[in-house]
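Sequences listed follow chains A and B, in order.
When you line the first sequence up against this note's numbering, it's residues 1 to 236, in that order.
When you line the second sequence up against this note's numbering, it's residues 1 to 236, in that order.
Just so you know, not all the hints are guaranteed correct.
Identical chains share a label here; the pair holds if one copy fits it or two copies do between them.
Straight-line distance between alpha carbons at most 30 Å, and here's what the computed DSSO-like set of lysine-lysine pairs gives [to be verified]:
1) 43 / 79
2) 212 / 104
3) 211 / 104
4) 79 / 192
5) 195 / 174
6) 192 / 104
7) 192 / 89
8) 86 / 149
Keep in mind the hints are simulated off the structure, nothing from the lab.
Number of protein chains: 2
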Amino acid sequence: MAMKYLTSKTAAALDQELMSTGAFSIDQLMELAGLSVSQAVFKLHPPQKGNRVLVACGPGNNGGDGLVAARHLWHYGYKPTMYFPKQTKNELYARLRQQLNDLKIPFTEDFQSSITQTDYVVDAIFGFSFSGEVREPFPAVIQALRDSKVPVLAVDAPSSWNIEDGPPSDGPGKGYNPDALISLTAPKPLVKWFKGRHFVGGRFLSEDMAKKYDLDMPPYQGIDQVVEMPVGEERL
Amino acid sequence: MAMKYLTSKTAAALDQELMSTGAFSIDQLMELAGLSVSQAVFKLHPPQKGNRVLVACGPGNNGGDGLVAARHLWHYGYKPTMYFPKQTKNELYARLRQQLNDLKIPFTEDFQSSITQTDYVVDAIFGFSFSGEVREPFPAVIQALRDSKVPVLAVDAPSSWNIEDGPPSDGPGKGYNPDALISLTAPKPLVKWFKGRHFVGGRFLSEDMAKKYDLDMPPYQGIDQVVEMPVGEERL
Chain A
1 MAMKYLTSKT AAALDQELMS TGAFSIDQLM ELAGLSVSQA VFKLHPPQKG NRVLVACGPG
61 NNGGDGLVAA RHLWHYGYKP TMYFPKQTKN ELYARLRQQL NDLKIPFTED FQSSITQTDY
121 VVDAIFGFSF SGEVREPFPA VIQALRDSKV PVLAVDAPSS WNIEDGPPSD GPGKGYNPDA
181 LISLTAPKPL VKWFKGRHFV GGRFLSEDMA KKYDLDMPPY QGIDQVVEMP VGEERL
Chain B
1 MAMKYLTSKT AAALDQELMS TGAFSIDQLM ELAGLSVSQA VFKLHPPQKG NRVLVACGPG
61 NNGGDGLVAA RHLWHYGYKP TMYFPKQTKN ELYARLRQQL NDLKIPFTED FQSSITQTDY
121 VVDAIFGFSF SGEVREPFPA VIQALRDSKV PVLAVDAPSS WNIEDGPPSD GPGKGYNPDA
181 LISLTAPKPL VKWFKGRHFV GGRFLSEDMA KKYDLDMPPY QGIDQVVEMP VGEERL
């Protein structure tokens, strides 16, 4: 059975529906998304394997998921460091930042140095609404992600990948293949090109919504907020 | 080492501080509190032991935690039924209800019949701000909780217990001793009288806040949002 996907457009529509008729607040959805990201990190790289995690956050909701994930990672015993160069005045993001400040989680402005001093990286730069070109200061960040030997978990999309068409054929993201990916709510078409470990998270989809958007309910187990999906040919 | 407690007053102050200088929204805190409640239910009574759960919700934040918990329980494979007789017009509660409606989770008005047709009960009627007397329609509900053989998990307090002084010496809650209790953020003084299994949940306390309110950081393990505490003499 082929995997079913949310395109950039349908992912935006589903998010909008969750927050209108679905009655979720963005605080709620982001909390559950970020929690899922943190659980995927724990499964992929438990703190005993090295507890320094560098979390790169973009200016939009993908970055917000990263801010939430970092808070949970701290509670699990990790030592997160944040890279969040495009801080907007958005009230939600200001609050999520304050929550990290209260845990004394440091923010760095130097991604290139920080990536040499971490055990794991979360790429929460661009998500399903990304298209077009990578703007400053992110080209060098994505090149560093591509060139580093440190394992990376990408949130919803490897940053710079096209949501429908996958890896870019030129630009800073050419050749960027993170070790792992967590798809939020449902996979995006780019997973067809993804070779690493793949998780789905964001356990809040109703059966009616899954049906309406022609999605499979991910096979979550027990209380897990993430589920690992088969990769490569297994999934076809 | 004696367990440290949050009184009714300090619990209210801590909640207020989390939402002001701590920058948490009530959506976030309630989501994490309700998630903790759902994880405690899963540990105490996994769905294989009987997946019908009756969730009794009061009119305040304790009831809100129950509404969130029920949604997560549905995702874990339970079949929740809600008893929520005092529905306010509060926008947050209306949204949490809508989320349950979208999962087709039924609401009952007849607690006494429903408790004969369930495998487990969550008592989310009154929390740390309860004092004084039990108002209608809850006296008969608390008597049913007391008299039923179905196991009960109480959220933050067995409803009708005094937060500082424990079990009431008369009224509908006299003799009401739930099987289990989950303390949110930190235990309240009433746990000194509690004989069942005891969990702590609500994994969002910073070390600074714990210090300020003279609390121990609960010994959470891994990614768990709850931790079981020693009971009786072990804890002194």
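Consistency of the hints with the structure:
Proximity of residue 43 to residue 79 under the C-alpha cut-off of 30 Å is found in both arrangements, the shortest distances being 16 Å within a copy and 28 Å between copies. Taking the closest pair of Cα atoms, residue 212 and residue 104 come within 30 Å of each other only across two copies (16 Å); inside a single copy the shortest separation is 43 Å, beyond that limit. In this homomeric assembly, residue 211 and residue 104 come within 30 Å of each other (Cα to Cα) only across copies, at 14 Å, whereas the closest approach inside a single copy is 43 Å. For a Cα distance limit of 30 Å, the shortest separation of residue 79 from residue 192 qualifies neither inside one copy, at 33 Å, nor across copies, at 35 Å.
Only within a single protomer do residue 195 and residue 174 lie at most 30 Å apart by alpha-carbon distance; the minimum there is 15 Å, versus 61 Å between protomers. Neither within a single protomer nor between protomers do residue 192 and residue 104 lie at most 30 Å apart by alpha-carbon distance, with minima of 39 Å and 34 Å respectively. Taking identical chains as interchangeable, the C-alpha atoms of residue 192 and residue 89 are never at most 30 Å apart, the minima being 36 Å within one chain and 46 Å between chains. In this homomeric assembly, residue 86 and residue 149 come within 30 Å of each other (Cα to Cα) only inside a single copy, at 25 Å, whereas the closest approach across copies is 57 Å.
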